[in-house]
Amino acid sequence: MTVATYIEASRLALAEEMRRDPKVWAVGEDLGRGGVFGQYRGLIDEFGPVRIADAPISEAAIVGAAVGAAMMGTRPVAEMRFSDFALCAIDELVNQAAKARYMFGGQTRVPIVVREPIGMWRSSAAQHSQSLESWYAHIPGLVVVCPSTPADNKGLLKSAIRCDDPVVYMEHKGLWPLEGEVPDDPEHLVPFGVAKTVREGRDLTIVSWSAQVHVCAKAAETLAAAGVEVELIDLRTLWPWDKAAVLASVEKTGRLLVVQEAVSVAGFGAEIAATVAENLHRALKTGVRRLGAPRVPVPYAPSLETSLRVAESQVVEAAQAMMKT
Amino acid sequence: MTVATYIEASRLALAEEMRRDPKVWAVGEDLGRGGVFGQYRGLIDEFGPVRIADAPISEAAIVGAAVGAAMMGTRPVAEMRFSDFALCAIDELVNQAAKARYMFGGQTRVPIVVREPIGMWRSSAAQHSQSLESWYAHIPGLVVVCPSTPADNKGLLKSAIRCDDPVVYMEHKGLWPLEGEVPDDPEHLVPFGVAKTVREGRDLTIVSWSAQVHVCAKAAETLAAAGVEVELIDLRTLWPWDKAAVLASVEKTGRLLVVQEAVSVAGFGAEIAATVAENLHRALKTGVRRLGAPRVPVPYAPSLETSLRVAESQVVEAAQAMMKT
Amino acid sequence: MSSRSQSVAALGPAPTNLDVERLSGHHLTMLRIRAFEEAAIRGLQDKVVFGAIHPSIGQEAVAAGVCGHLRRDDVLLSTHRGHGHTLAKGADLNAMMRELFGREGGTSNGKGGSMHIADFSVGMLGANGVVSANIVIAAGAAHALKLQGRDAIVCCIFGDGAINRGPFLEGLNWAKVFDLPVLFVCEDNGFAATTRTRTMTAGEGPSARARSLGIPSVEIDGNDVLAVDEAARDLVPAVRGGAGPRFLHAHTYRLTGHTSMDAAAYRPKEEVEARWRLDPIARVEELLRQAGLSEGAIEAQRRAANAELERAYADALAAPLPDNARAFADVQDVGDPRGEAF
Amino acid sequence: MSSRSQSVAALGPAPTNLDVERLSGHHLTMLRIRAFEEAAIRGLQDKVVFGAIHPSIGQEAVAAGVCGHLRRDDVLLSTHRGHGHTLAKGADLNAMMRELFGREGGTSNGKGGSMHIADFSVGMLGANGVVSANIVIAAGAAHALKLQGRDAIVCCIFGDGAINRGPFLEGLNWAKVFDLPVLFVCEDNGFAATTRTRTMTAGEGPSARARSLGIPSVEIDGNDVLAVDEAARDLVPAVRGGAGPRFLHAHTYRLTGHTSMDAAAYRPKEEVEARWRLDPIARVEELLRQAGLSEGAIEAQRRAANAELERAYADALAAPLPDNARAFADVQDVGDPRGEAF
Ligand SMILES: Cc1ncc(C[n+]2csc(CCOP(=O)(O)OP(=O)(O)O)c2C)c(N)n1
Ligand SMILES: Cc1ncc(C[n+]2csc(CCOP(=O)(O)OP(=O)(O)O)c2C)c(N)n1
Ligand SMILES: [Mg+2]
Ligand SMILES: [Mg+2]
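Chains as they are written, first to last, in the working numbering: chain A, 6 to 330; chain B, 6 to 330; chain C, 2 to 343; chain D, 2 to 343.
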């Protein structure tokens, strides 16, 4: 175990995979200088500018070229800088990468990792703050990953790079400095579709992912002090998602609260809430509930930005309200 | 009343609005020859090539230019041909059109209509068959319209053109030849956010939209013969969506089945099912249910394509199963 | 084959020392493409082929001339109008026909159809339903070849309408910046669906744009298979030799409608008649005659191509439908594709 | 203002018959921009400005020279580095500063911030957080002007990095095909964030690409406000007169990092030092001196600009935070933005 930040963990993961497999390379704007957040810092010294490749400001070409390079047997990691800019490469990601294996009848695979940092962060405003994970979860052929800790960011990025299908890898910008223990074993992978039970509890199940997991963990502490035992589940990957773990937990607690940073309307929380409602109607002691952002773009002013975030207090209130019914 | 097809209805709507308001114009590939499906046939004769404008194969520019032209006081209708090609203009639609009014603090409006024909249709395969309405419903700032009849296609397209905000207008390719009565009154508009109760019933509420409404209507007949009275609701618009009508109906029937053509995972059906489960837990006699496409790209072979469609028989079975519980 | 392609415009003297064998090879390839397109159209009429068919009738010389210089391990990317390119790259004609019929044994077992025709076993990485999308994918395929130090090259064929979409700029810029082995081929048939491309294209067009990106371009008569063959004979080795990306701008004409359902009423009959007189197949046959090939030998090739297609059509018709399980196969390794659906 | 901008490279003889008044006007505009950027950076350090600030320090001559020829009813679209352009177009400096502070009374009442600075009341249709996205929007704005038969024009400013994204091709093609009144201005500072743009740009660059699309281009020293002024003096009336789109390629240099947080360690100290000697403000001051303006008069302009910014800073600091209700305002006319959230 080493203590590392969320951002260092991703750097370690990429470096280990590039050492292990010469087919792995990364491409994106400014990677030679470490990338916009420093996720690639130093890697060019070890791997050189051919495998840590700068790119022009050409998101469609970054993803499109990654698709072609993957079909030809390499394993590109395509950096999008902010998930918002991936919207400049949606045809390449959704019409090409996600469908190639299927529409060509299994003749090819597209093992790419598209890194899309998400989330509200330091007043970045409407075009640098989105969390569109539900979009990708809706697209057949895509894997969707949303790590919440340094250990998961290492283990999941390694799994993503080893995955033979396209992976949309969504790190949360607000978590870059988060520190935590990270396994040293280069063969330690975190599998897709296996949720992590952050905390066990009998009263109410909270399902979350990415940065909101930490807000929920704090809320769970507060609730425990008030005698409400929360079972907190971190999905870690949205496709595949650990339906079995969520259903088992709600079967036990009889209550489901889904907490997401994304816009709640048609967000992935709806999928979880709907699935639970479909399968566990009898077991539910009260209606499922979702917390998420209102359906508004992200404003710049910190005071306004904050007002869109699901706060610990909202989670606590929602949970307590659910316990009353 | 005139009898018109779904496609003619849209042509009538556009022509009426262009006569009424000189600020309205349409732009897209091949519009001068009627557009790929003939939705614009003949309009160039009345309005000329400046207002029924051909475009290069430049989806990003078609939507991007529409945004700029709308900010300057015109009302463009931007034709995407197949909704799949709108994926080449997602930055323009989602980062620009949807957010401009908000991020500029109300200094501007973006009154554009982006026409995106959706749906599985005649073995068009993976890149010409998608239904991504749930994506747009998730994006603050966008209106999402999915008409199912000629009358609605006329009344809703007219409302879309008169709307001061960006509208994603999703006609279903499979419905082009559908005939029906269409109001002649050029002031007859169909408002957004008002669902249509296609059929009243006390036993079970089916919520659907677009082409699947017709499958559900047939299923409702079959079910009626078997003594199950279905209340069928056609949402018509997904944002805003008529939550009140759906909740009122389910409060009465105690059962909700959502039927969509789109991929069920993270589809808009999840939003409806989750909302009902959140608000009507006590009133529900059985768990909510969704029917939709499996999470696979759309295959070419008719036999395979058909296997992804929600069939009348599936709706009937699902409804009967729900009646048993 | 249309009888109209019999009357051919005067072509002037035949080039001396023609490689008759090579030319006959191109002739056969072009005949096979023509016959394939005609069979596909017939299949659609017979309701055994589905979706849209974009015939390359009249454009066969580009496919034959360019692909004639590609190795099996070279890579090809094509468009919605990709049957000809795919055949010329060496794909199995029967498997292609089965694909159009949506049958088991199709190149993609019926999951892709005409617009996604592909045969990775011969380096044909797919037609594409999205105009211009193949250009950035091609750049990436070439990027991989360079990373792997292989001497194979990528050939990316697209239409004149594709040069107005962003990926054209991004893909060519990428290929040049990374100095990649790609031969870009713009098959300029003058139309983008029902639109005359030049009316929607600023500046001098494909070659000028390529040159502005530092990519040399050669402009040729794409209906003259000899001209295409000669251009490719220079370009393919240059690209393979490390000269970086090259651009070939081939002028041709789409003798049918945009799709087989398009009557193409937007162009005057006379224009089409005149173009039929420049039918590349008629022209190559004229050259073969001038080179001394007998009418019988030419006719024999026609018969061979048509017979092959008759067999392919019958084979496809008899082929089984894909097992329904295929609808859920090859989506991805993880996650249940049935999701929440059933 | 940085003292380094005092030592200025020799410029040779001053042009004869300088319009001193006009030049002083540019000088003041450039000083106001410089002072605004410095105040913005200070605000970020003081934690009263948020997000990222992309200063245009060193590029002020382009903004002043180009916008000096635009009418109030002309339309401007800019980039993430848009403060200078917005000021030069005539936006209210106090409202702009309040916007950066995220306060009530900001150009967008604090909802946009630096990267979405806009003032529609003076035809400034917005900075943009997405590189190159403003180019297609600009084409559309010009399309509307043409439909409306107005004689206003659109000016679209973007960086050298923007020419590698698809919308550059699609937007310029569109403007030329529809013969629209747009002046495209490429502000070429040699960098795209930490990357030397030329390393990622194929061919000869912005002008060559514009010309390949049939759009004439003029290439100038963008740090010489006289050169910019003269170029715009010719181009703006031409575009307004119906000549169609025009392209201005202005060479300049970003004297700060990409953002105010970027130390720009990726470029040698000497390079930056040398560039400071070409500081456009120092150069315009040198011209003014040569034209006989007194040191006092020059200093007075500096003081005026700095004093204005001191006031604006204080005003913004004192301004109220936006009412929380604003978070839910101006989303769209229909639907409850609270959706299912609360
Ligand atoms: C991005 C995109 N826009 C529009 C279409 C619809 N479409 C299919 S083919 C075609 C014309 C293409 O013209 P060109 O590139 O010249 O190829 P050609 O058909 O002439 O071979 C169009 C507009 C598409 N497939 N993809
Ligand atoms: C589509 C997109 N990709 C990447 C970015 C991140 N980014 C912001 S500014 C910038 C550099 C832009 O360079 P240039 O266009 O030359 O403008 P400059 O910053 O030099 O003024 C980059 C890469 C972005 N904003 N949008
Ligand atoms: Mg063409
Ligand atoms: Mg720059």
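Hints may be right or wrong, so weigh each one.
[What the hints assert, rightly or not] Think about it this way: if two alpha-carbon atoms lie no more than 27 Å apart in a straight line, the pair counts; the simulated DSSO-like pairs of lysine-lysine are: (1) A:Lys290 <-> B:Lys257; (2) B:Lys201 <-> B:Lys290; (3) B:Lys257 <-> B:Lys223; (4) A:Lys329 <-> A:Lys223; (5) A:Lys28 <-> C:Lys177; (6) A:Lys257 <-> A:Lys223; (7) D:Lys147 <-> B:Lys28; (8) B:Lys28 <-> A:Lys290; (9) A:Lys248 <-> A:Lys223; (10) B:Lys248 <-> B:Lys223; (11) B:Lys290 <-> A:Lys329; (12) B:Lys201 <-> B:Lys248; (13) C:Lys177 <-> D:Lys147; (14) B:Lys257 <-> A:Lys329; (15) B:Lys257 <-> B:Lys329; (16) B:Lys28 <-> D:Lys177; (17) A:Lys248 <-> A:Lys201; (18) A:Lys290 <-> B:Lys329; (19) A:Lys290 <-> A:Lys248; (20) A:Lys290 <-> A:Lys201; (21) B:Lys201 <-> A:Lys248; (22) C:Lys270 <-> A:Lys28; (23) A:Lys257 <-> B:Lys290; (24) B:Lys223 <-> B:Lys329; (25) B:Lys257 <-> A:Lys248; (26) A:Lys223 <-> A:Lys201; (27) A:Lys329 <-> B:Lys248; (28) A:Lys201 <-> A:Lys257; (29) A:Lys257 <-> B:Lys223; (30) A:Lys290 <-> B:Lys290.
[Claimed, not checked] Derived list of chain A stretches under chain C, where covered just means 3 residues or more per stretch with a C-beta under 8 Å from a C-beta of chain C: (31) 9 to 16; (32) 42 to 49; (33) 73 to 80; (34) 98 to 109; (35) 145 to 159.
Everything labelled a hint here was simulated from the structure, so no lab data went into it. Bear in mind the structure is a predicted one, so any value in this text is a computation, not a measurement. Ideal Cβ placement from N, Cα and C applies to all residues, glycine included.
Hints, verified against the model:
1. A distance of roughly 21 Å separates the Cα atoms of A:Lys290 and B:Lys257; the hinted pair therefore holds under the 27 Å criterion.
2. Distance restraint check for B:Lys201 and B:Lys290: the Cα-Cα separation of roughly 24 Å lies within the 27 Å cut-off, and the hinted pair is therefore satisfied.
3. As the CA atoms of B:Lys257 and B:Lys223 are separated by approximately 22 Å, the hinted pair is consistent with the 27 Å bound.
4. The suggested pairing of A:Lys329 with A:Lys223 holds, with an alpha-carbon distance near 21 Å, which does not exceed 27 Å.
5. With a CA separation close to 22 Å, the supplied pair A:Lys28 and C:Lys177 stays within the 27 Å bound.
6. Taking the CA atoms of A:Lys257 and A:Lys223, the gap is near 22 Å; set against the 27 Å cutoff, the hint holds.
7. A distance of roughly 12 Å separates the Cα atoms of D:Lys147 and B:Lys28; the hinted pair therefore holds under the 27 Å criterion.
8. In summary, the hint linking B:Lys28 to A:Lys290 is not supported, as the alpha carbons are separated by about 55 Å, beyond the 27 Å threshold.
9. Note on A:Lys248 and A:Lys223: the hinted pairing holds, with a Cα-Cα distance of about 24 Å set against a maximum of 27 Å.
10. A hinted pair counts as satisfied when its Cα atoms are at most 27 Å apart, and B:Lys248 with B:Lys223 qualifies at roughly 24 Å.
11. With a C-alpha separation of about 22 Å, the suggested pair B:Lys290 and A:Lys329 falls inside the 27 Å cut-off, and the hint holds.
12. Pair hint B:Lys201 plus B:Lys248 holds up; C-alpha atoms about 12 Å apart against a cutoff of 27 Å.
13. In summary, the hint linking C:Lys177 to D:Lys147 is not supported, as the alpha carbons are separated by about 37 Å, beyond the 27 Å threshold.
14. Between B:Lys257 and A:Lys329 the CA atoms are separated by roughly 25 Å; this keeps the pair inside 27 Å, and the hint holds.
15. About 17 Å separates the Cα atoms of B:Lys257 and B:Lys329, which keeps this hinted pair within 27 Å; it holds.
16. Distance restraint check for B:Lys28 and D:Lys177: the Cα-Cα separation of roughly 22 Å lies within the 27 Å cut-off, and the hinted pair is therefore satisfied.
17. The hinted pair formed by A:Lys248 and A:Lys201 meets the criterion: a straight-line CA distance of about 12 Å does not exceed 27 Å.
18. With a C-alpha separation of about 22 Å, the suggested pair A:Lys290 and B:Lys329 falls inside the 27 Å cut-off, and the hint holds.
19. At most 27 Å may separate the alpha-carbon atoms for a hinted pair to count; A:Lys290 and A:Lys248 meet this at roughly 19 Å.
20. Simply put, A:Lys290 and A:Lys201 have alpha-carbon atoms about 24 Å apart, close enough for the 27 Å limit, and the pair holds.
21. For a cut-off of 27 Å, the pair hint linking B:Lys201 to A:Lys248 is broken: about 34 Å separates their Cα positions.
22. As the CA atoms of C:Lys270 and A:Lys28 are separated by approximately 55 Å, the hinted pair breaks the 27 Å bound.
23. For the hint pairing A:Lys257 with B:Lys290, the CA-to-CA distance comes to about 21 Å; that is within 27 Å, so the pair holds.
24. Taken as a hint, the B:Lys223 and B:Lys329 pair is honoured in the structure, with Cα atoms around 21 Å apart against an allowance of 27 Å.
25. For a cut-off of 27 Å, the pair hint linking B:Lys257 to A:Lys248 is broken: about 30 Å separates their Cα positions.
26. Between A:Lys223 and A:Lys201 the alpha-carbon distance is near 16 Å, which keeps this suggested pair within the 27 Å criterion.
27. Between the alpha carbons of A:Lys329 and B:Lys248 the distance comes to roughly 25 Å, so the proposed pair stays at or under 27 Å and holds.
28. With a C-alpha separation of about 16 Å, the suggested pair A:Lys201 and A:Lys257 falls inside the 27 Å cut-off, and the hint holds.
29. As the CA atoms of A:Lys257 and B:Lys223 are separated by approximately 40 Å, the hinted pair breaks the 27 Å bound.
30. Taking the CA atoms of A:Lys290 and B:Lys290, the gap is about 14 Å. The hint holds against a cut of 27 Å.
31. Chain C is given as covering the region 9 to 16 of chain A, and this is violated because 0 residues of the stretch bring a CB closer than 8 Å to a CB of that chain, at least three being needed.
32. With a cut-off of 8 Å between beta carbons, the region 42 to 49 of chain A has 0 residues touching chain C; three or more are needed, and the interface restraint is violated.
33. Under the rule that three or more residues need a Cβ within less than 8 Å of chain C, the assignment of the region 73 to 80 of chain A holds, with 7 such residues.
34. For the region 98 to 109 of chain A, the proposed coverage by chain C is satisfied: 7 residues have a C-beta within less than 8 Å of a C-beta in that chain, meeting the threshold of three.
35. Check result for the region 145 to 159 of chain A against chain C: holds, 4 residues qualifying (beta carbon to beta carbon below 8 Å, three or more required).
When each numbered hint is compared with the structure, violations occur for hints 8, 13, 21, 22, 25, 29, 31, 32.
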